[in-house]
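Based on these hints, arrange chain A on the given structure of chain H.
The listed protein sequences derive, respectively, from chains H and A.
Under the working numbering, read the first sequence as residues 1 to 286, first letter to last.
Under the working numbering, read the second sequence as residues 1 to 392, first letter to last.
All clues given are correct.
Example chain A residues on the side facing chain H (calculated, C-beta under 7 angstroms, incomplete):
| hint | residue |
| --- | --- |
| 1 | Arg71 |
| 2 | Asp74 |
| 3 | Leu81 |
| 4 | Val82 |
| 5 | Ala83 |
| 6 | Glu91 |
| 7 | Thr94 |
| 8 | His97 |
| 9 | Lys116 |
Because the hints were derived from the structure by calculation, they are not lab data.
The C-beta atom is built at its ideal place from N, Cα and C for all residues, glycine as well.
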Amino acid sequence: MSEDGITAAHEATFSRPVTVLAPRRGWRGLGLHELWSWRELLWAFLWRDIRSRYRQTALGVAWALIRPLTTMAIFAFVLGRLARIDADGQPYAVFTYAGLLAWGFFGSAVQTAALSVVHASHLVTKVYFPRVLLPLSAVGAATVDFLVAMLALVPLMLVFDVVPSWRLLLAPVVMVWVALASAGVGILLAGIVVRYRDFGHAMTFLLQAWMYATPVLYPLSLLPEPLRPWAYLNPMTGPVELFRWCVLGTDVSAVGCALSAATAALGLLAGLLVFQRVERHFADVI
Amino acid sequence: MPARPVAIRAEGLWKTYVIHPPGTPRRFGRRPGVEFHALRDVSFDVPEGAVLGIVGRNGAGKSTLLKVLGRITDPSRGRVLVAGRVASLLEVGTGFHPELTGLENVYLNAAIHGLKRREVRRRLDSILGFAEIGDFLDEPVKRYSSGMYLRLAFGIAAHLDADILIVDELLAVGDAGFRERCFGKMKEVAGSGRTVVLVSHEPATLRALCTHALHLERGTLRAAGATEPVVGAYLEGLATGQPVVHVDGDALTLVGRQASCRAATPAGQEVHVELTFEVKRDVRRLRMGFSFEGPSGVRLFQCGPAPLGASPVEARVGERLRCVVACRLPPLAPGPYSATFLLEGEGGEPLLHVSGVRLFEVPPDPARPECLAPGFRAALLPAHTFELAVLR
Chain H
1 MSEDGITAAH EATFSRPVTV LAPRRGWRGL GLHELWSWRE LLWAFLWRDI
51 RSRYRQTALG VAWALIRPLT TMAIFAFVLG RLARIDADGQ PYAVFTYAGL
101 LAWGFFGSAV QTAALSVVHA SHLVTKVYFP RVLLPLSAVG AATVDFLVAM
151 LALVPLMLVF DVVPSWRLLL APVVMVWVAL ASAGVGILLA GIVVRYRDFG
201 HAMTFLLQAW MYATPVLYPL SLLPEPLRPW AYLNPMTGPV ELFRWCVLGT
251 DVSAVGCALS AATAALGLLA GLLVFQRVER HFADVI
Chain A
1 MPARPVAIRA EGLWKTYVIH PPGTPRRFGR RPGVEFHALR DVSFDVPEGA
51 VLGIVGRNGA GKSTLLKVLG RITDPSRGRV LVAGRVASLL EVGTGFHPEL
101 TGLENVYLNA AIHGLKRREV RRRLDSILGF AEIGDFLDEP VKRYSSGMYL
151 RLAFGIAAHL DADILIVDEL LAVGDAGFRE RCFGKMKEVA GSGRTVVLVS
201 HEPATLRALC THALHLERGT LRAAGATEPV VGAYLEGLAT GQPVVHVDGD
251 ALTLVGRQAS CRAATPAGQE VHVELTFEVK RDVRRLRMGF SFEGPSGVRL
301 FQCGPAPLGA SPVEARVGER LRCVVACRLP PLAPGPYSAT FLLEGEGGEP
351 LLHVSGVRLF EVPPDPARPE CLAPGFRAAL LPAHTFELAV LR
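Looking at chain H on its own, in the form it has when it is part of the complex:
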């Protein structure tokens, strides 16, 4: 064949940087360097999710306020008024709204992240990009809802005679914490759901069970004494408790928070590792 024939046997010379595409096997790095080079797509996905979520709705972004406020009102009536749960002497409405804010962020981030890859099957089978951007952008979009829901917090505190303190300035720490914790769980689930859609179906009640296992609607002091340290193994116990401390100045265990943060970090690492292990088959099984 001629020298420019496509099966020519000459030594290959490349004039541009070469990428090798070969079967990926075993455990590999997290590819954070590549992720960084694709950061603009993360913003684009994030922006798409935010822009499109409340399009063609009359109330628009107000939904991010309505949802947690109604949930809070229901629980405040049922648990605060009827069942008279003792929220460590704090107004139950504020107490539980703080918990629901942190949990709602986690819950919606995990839910949308877990389904993000499956819902983007038309992209996954047509074009290359680091797949982990999909669950990450879902977490990012949930962050925006969280920030909007935060707006109702201060008026609510004032109504219930809770004076906001400097501690509220630490709320962003909680936000980052919940974002990382939900990213871990969301990424892990997103990887698994591609092959086993069962997890998509199971997720609603898994998350519900998880919410009741987290001191969102009740104070940790309601748990029997010997169980309390264990509760901090739950990566969401730490941020929920810390957020309450920011809002109401309730007690919080530093050791417990460290434990919670450690499980969240472990979850994130596990999620990323599992995801990179399974993402190579996404296009074939989705």
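Frame of chain H, contents of chain A only:
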């Protein structure tokens, strides 16, 4: 002469899927898998600046190869070396979000293909110039006509500036004028030293655009090299084989086919073709295109795509459609003659697209032995004169 730099080098590519054919007994509620090789030991080099056309029947592995080259799926064995940035355009408007405006989708779609905002901004005028969507720029794309959607999508695709562009049947959509412009853009891209890999079923597209071709058959590489010999051999194989179904949209089926070719006068032949289709679901605004191909895929003539009868034609379930083509042609060279037809519904939606439908075979004429020579590639044998003389 130094060798041209290589853009893509594939080394012993295999892609194996596990399939679960019906009929195999279930074990633990699942059928045991059977290995299916979509690609079998495929190796080739593509030089920089080449336009490589991949041909092959449905299921030959063309799409799988594109997906491996586009990094969408890993090969099962072997490897590919790609030089530079790759953009895969396996679909028009990948990732377009219906609720977002045209402009928003430009940024989104470009980002999906790895372009930075800053790069998009620099090309925005050029993209919008190509797309010609005017006042609709700030409307959600769900309100776009299919033509506007297509132009915007291709406008972005044409400005990705990737070193390697992977294209699947992109040019098979849109009206003639639009295709013409896409064609021009593709040539421009290839002319600027970038490499294009494309799949097409259109011999005319392949011949007009490609510098190289690659023929896949059931996952193996049948032939690779310059366009003409590879495409010619592929089409020749098609002409003697089964029809190739490109699109079968479950609306219509071909139920009858009659064709005849008889010598009417010494100077011509009457060709009469009748195709009957059964309508399986209601269709509106039917249009049909028909073309007639001779040995080695030479296209002799084409009718349409044109509206059927009085426009707009509607056909209902259970009705039949008949297409009759009659013409007088000069004597035909020996070999198989076949047809390609395309039926489109509303908005140019392809309903049925089949090529290589065998019509008839012209027997060799002992009076014209040159037709049987290996280099003979014509379909018409008009009465003609042919002189070769030495001038002194």
